[in-house]
Every structure is written in C-alpha cells, then in structure tokens.
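The listed protein sequences correspond, in order, to chains A and B.
Basically my numbering = 1-based index in the first sequence + 568.
Basically my numbering = 1-based index in the second sequence + 568.
Honestly, I wouldn't trust all of these hints.
[Stated by the list, open to error] Label-pair ranges, simulated between beta-carbon atoms:
hint, chain 1, residue 1, chain 2, residue 2, range
1, B, 706, A, 654, 55 to 61 Å
2, B, 824, A, 683, 28 to 34 Å
3, A, 694, B, 710, 45 to 51 Å
4, B, 655, A, 569, 45 to 51 Å
5, A, 905, B, 613, 49 to 55 Å
6, A, 750, B, 706, 25 to 31 Å
7, B, 820, A, 900, 28 to 34 Å
8, A, 825, B, 596, 28 to 34 Å
9, B, 620, A, 669, 21 to 27 Å
10, A, 633, B, 820, 37 to 43 Å
11, A, 900, B, 631, 53 to 59 Å
12, A, 801, B, 637, 41 to 47 Å
13, B, 710, A, 851, 51 to 57 Å
Keep in mind the hints are simulated off the structure, nothing from the lab.
All figures in this text were calculated on a predicted structure; none of them were measured in a lab.
Here a beta-carbon is modelled for each residue, glycine too, at the ideal position from N, C-alpha and C.
Number of protein chains: 2
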Amino acid sequence: MTDKLQLSLADDLHVHLRQDELMKEVVPYIRKGGCGRVLVMPNLKPAICTVAQALEYKSQLQAIDNSIEYLMTLYLNPALTIDEIKKAAEAGIVGVKSYPRGVTTNSEQGIEDYEIYFPVFAEMEKQNLILNIHGEVPSNHSQNICVMNAEEKFLVHLEKIHKNFPKLRIVLEHVTTEAAVQKVKELGKTVAATITAHHLELTVDDWAGQNHNFCKPVAKYPSDRNALQRVVREAHPRFFLGSDSAPHTRNMKETACACAGVFTAPLLMPYLADIFESIGCLDKLKDFATRFGREFYSLPEQTEIITLEKVQEFVPSEYFGVVPYRAGQKLNWKITANV
Amino acid sequence: MTDKLQLSLADDLHVHLRQDELMKEVVPYIRKGGCGRVLVMPNLKPAICTVAQALEYKSQLQAIDNSIEYLMTLYLNPALTIDEIKKAAEAGIVGVKSYPRGVTTNSEQGIEDYEIYFPVFAEMEKQNLILNIHGEVPSNHSQNICVMNAEEKFLVHLEKIHKNFPKLRIVLEHVTTEAAVQKVKELGKTVAATITAHHLELTVDDWAGQNHNFCKPVAKYPSDRNALQRVVREAHPRFFLGSDSAPHTRNMKETACACAGVFTAPLLMPYLADIFESIGCLDKLKDFATRFGREFYSLPEQTEIITLEKVQEFVPSEYFGVVPYRAGQKLNWKITANV
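Make a model of the complete structure from these sequences and hints.
Okay, structure coming up:
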C-alpha cells in the first residue's frame, strides 16, 4: 500500500484568487495546497478585460507570493479587440475566459452569443491563446433549461466553436456531466477539460440545503460524478486539474441567497490524494495534477518536489472567515514536505 | 378581470403544525391563511404513532385554535398494529402517513420496505383510512438515485401498493414531477395527489444556494413544474391542495446544513390566488382548495366564507423567527374578510 507520494508542484489550471484583502489572505495558500502554477480567473470587479489590467493584477499577486507562477487570463467581452489579443500574446497572457451571462459570480458581463466573437477566436487561434470556457447556458424555463442541464445544453456551442476553429485550444472548465466528458473526448486533441476536486466527490444531494457545497456548475447526478471518476481513473490526457477554488466568506454562504463556490486551495493536493485513493487510482494523481495540464498548455515541468504522506489530519473549520471544503472532516493525506 | 373571490374556508390536506412553542406560534396562522380544516402531519419528536398520542396532540391544537378542524394522522412504523388501526378509525383519525427512512425532517423512523405493512394496509382499506405517502426513495448513489429522481423512482412502489389494495385510498403527497402526475392520473379513482403552493412556482434553480426554498421533495425541472401547473389548470379532481407548510426558524435555514421545508401557512390562499392568476386559471382555485380534497376525503363542505381581493401587499420578512415563502415580495391578492 502506498503511504508516500513525491511529485512536482501541481498546476491548478483554474483558480479564483480574488482581489484586495481577500486576495492577500488567499494567495499564500496556493503553495500550502501543493501548487506552484495557477491559471488565474479574471472575474473581478471590475473584470480583467485588458492586458494592462491583467499585468497589474499579476504584479499584485507576485507581491504577495513571488514563488508562484501566475498564468493570466482576460475576460471575454464585446470590447475585446483583435489588437488586444495580439498584445495579450506578446505580454504572455495565456487564455481568454468566456462566461455565459449571469450564471456565476461576477458574470453579469458574460456573453450571450458566441458568433460575434469569431474574429477574436480567429486571432486567438493564430496567437496560440487558449479559450477557457465556463460551459453553461443561462437558465431558460420556457426551454426547460435549469442548473441541472445547463452544461449539457451548452455542448452544442462548444462543438460549434471547435468546428469553426479546429486549431484553437479550448478548455471546457470544471466539467460536471457524463455528457461533457464524452463530448470533450470526441472533439479531439485541441479540446480539453478541467475537473475540480469537489466535483469528483459531490452530487446534487450534497448541495441540497448545504450551501458550502453549492457552486456553479452545480454537482449533478451520481452517474455524472461517476463519469468524472472514470475519466481520471483511465488517465485521459485531456482531463486535468482545475480546482475552481473560490473563497466566499461564511456570511456569504450561510445566508438566504448564497454565493456559488467551494474553497479547496489550502488543501488541494491532500483532498485529491484522498479522493484518488478512495476511487482506486492514486497512481493516476501525478499525471492529473502535474503533467496533463502543462502538456496541453505547452508549459515546462515544474522542478520543485513535494511529498504527500498518509497522515490523518482534520480540515480546519475556517480560514480567514472562509469555510473550506469538507470543513471539520478527516483527510488521510497531508503534505509533509513542500520545498 | 376578476378582482374579488369568495369561497369557503380552504382544506389544507398536508400541514406541519410542530409542537411546543413553535406550535403555539404556527396554529393561529392557519385561519389567517384562509384555511378551516387541515390534515396534520405526525412527524414530531416523538412521532405520533398511537391513537392516544394523536388525540393528545389534537387536544393541544384545539386549545390554541378551536375554530379549526384538525384531521389527524398516525406515523406508519413497525409497531403499528391492526388493532391500533381499528382504534384509529373509531377515534376519527383520518390517515396514516408513510415516510421513507431519512428523506425529510424527523423521518429517521421511516419505512424501508412496504410489504411488511400489507396487513396494516389491508385493515386500513377495510376501515376506510387513507394512506398518505411521502413518495421518495432514499438516495442510493450506486443506483444513481438522488434528490432529483427520488420521487420518480418511488412510483413503482406506489403502483405496487395500489395494485395490492385497489380500494385503499392513497394520497401521494406534495408531488413534484411530471412522472408522478401521470402515474397518479393513470392509477385511477382511489389514488390522488396533493400539490403545494410553492411547487407550482419553484424549480431547482430556486433552491440552488437558496435554502428558504429548499424542501423535500425538492423542486425539479421547469418541465415538471409546468406539469403541476397543467394539472391544476385542467382542474383534475384528484389533485388538490396540501401546502406542506413547514416552519423552520431562520437559524435552521441560513446555515451550513439547512432543514427542509417552506413556510406558507400565513398567506396560503393569497399565494395561491397569485399563482393561479399568473398561470391563467384563477377560476380553478376554488375547486382545488375547497372541493377536490374534501370530496376525495369524503368530508362535508365548509360553511364559512372568505373573501380574497386583488389588493397588493408585501410578504413579511419574518413571522416569529421563521422566514415565509417569498419573504419581502409582492403579492397581488389579500384576504379581506375571513368570517
């Protein structure tokens, strides 16, 4: 039985680091959670819509912890020009994030129609930028669309973008459904998906009345959760770690109308070791968290090594006012060396 | 345009009146909400398992408001004997409520297998008692059963009980799915269903992160909600009012792990007038709330008349620490006379 793992620092290719005071609290936990490189989401207030904003945000993050590599993204919006895409590529911005309007935290500026972005996508394809997609359509009750099928209903849009831009690398973020897993597999080598730690465990039962497990996309049926577990178990190289770690303070969760998001950053690798062991594929963790993502993003391997050991610890009830995933529960793995 | 409705006091054939202090707060609101007769749920602590307990509970309720007719139920459990069913019939107990184990508030003593109750059901059929069923199977992830399909997966059990006891009157409580509506229609005249006010409006989108709308069974897809609206619009006589009004104090809702239940009792008829008008069937409200239920239960018509008028008022933010349904929102109907 494995009771010790050594692997390089992980790549978390989808994380919310927030801004201002919350940013200062969150950023130091990236490394504590076992990650050395993160793809930073741009849904701030105001949203990160320009290269200048992204670079300013990056410098703020570096001022807090300069040992982390921050991969920056822009927020796809109607004001984003082809020229800005060229500048983004020159400045080392990695991706452009698309949010459908109104489906999650700070997505009020999200998009309603993808075709108007085709010129931008064409330039992104040329500049080798990645399109990061929050793949849900907004609820529309006359079309029977709600949070439970919003991801599946989005897949036609994903397919259409891919067919028009077959060389554009697309990441369907935080997939939650069997349908999405199948579609990403089917679309071939330029289309990948991130999977969060929590979606490997949760189902709709876990967020019914339990707001700390409420996130967007919502966790779905057990069969969907099982499909996510299967795809990591089979070590499919286009499915890799993006935690979607998204801190909201307790008062924003334990309230009448909760914010969407699960906070996993501080214990990300211990959560994953625990989950991968429980689903019988601990040997697949390394590639999921340190290889498949960087290969899709064409990034070098990280050199620093961390050690995870089979040591029980309890998840704290709170970090700086934020209740983490599985608060108060036991984890079987712990990072014991993080050089 | 109708701007005034006169109808007899309504029959709410599914309500939670609680016990002790909360009971004393809740009961006076039955009549304020426009109801004169209620079927009282037995899931107290301890559960109402005997005729003696039911009669004691009834006398407590009468001591608070003697103008309401309380139809009492027993909690189906392994200790319930055929002799107790006979006594229940003699004592005027109306129904026996079945809870699947663990699916809702105080259902830990709920049942796991219906066949062991067949002798009890046979006696109930003989004594003309009604079987009131919370129709959900417990979540079972290896069988892909979760809160979203727990009602649909229950329908085979409903059908089996009905086939074995075709004369036993069964009420499938608080139906939430198109599948349940169809099954109840199909099973014929001894099988009926209650519908709550809130399930005529809510979908899964409304309880995602919003615990005040979280109840069991959970609200489902828009297509399911539409099926409920359709069946009241067509005035099907075996679908009638059971509010499932279930007060939980704010601190039990705005918390990490919320209790299930929506509190509608204080404004039940105004909510319904508002909803029925919005779905274009205000003319069907009277039969839904005052006729179909009593006919299925073989009860006389209530004689006291209430008046609802099209007068806007806002739902209070709270009653005695409990946040009501649609708190703070506008209602278009108000009870202006309640003799």
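Results for each hint:
| no. | hint | in the structure |
| --- | --- | --- |
| 1 | 706(B) <-> 654(A): 55 to 61 Å | 57 Å, holds |
| 2 | 824(B) <-> 683(A): 28 to 34 Å | 43 Å, violated |
| 3 | 694(A) <-> 710(B): 45 to 51 Å | 48 Å, holds |
| 4 | 655(B) <-> 569(A): 45 to 51 Å | 60 Å, violated |
| 5 | 905(A) <-> 613(B): 49 to 55 Å | 50 Å, holds |
| 6 | 750(A) <-> 706(B): 25 to 31 Å | 29 Å, holds |
| 7 | 820(B) <-> 900(A): 28 to 34 Å | 32 Å, holds |
| 8 | 825(A) <-> 596(B): 28 to 34 Å | 29 Å, holds |
| 9 | 620(B) <-> 669(A): 21 to 27 Å | 59 Å, violated |
| 10 | 633(A) <-> 820(B): 37 to 43 Å | 40 Å, holds |
| 11 | 900(A) <-> 631(B): 53 to 59 Å | 55 Å, holds |
| 12 | 801(A) <-> 637(B): 41 to 47 Å | 59 Å, violated |
| 13 | 710(B) <-> 851(A): 51 to 57 Å | 24 Å, violated |
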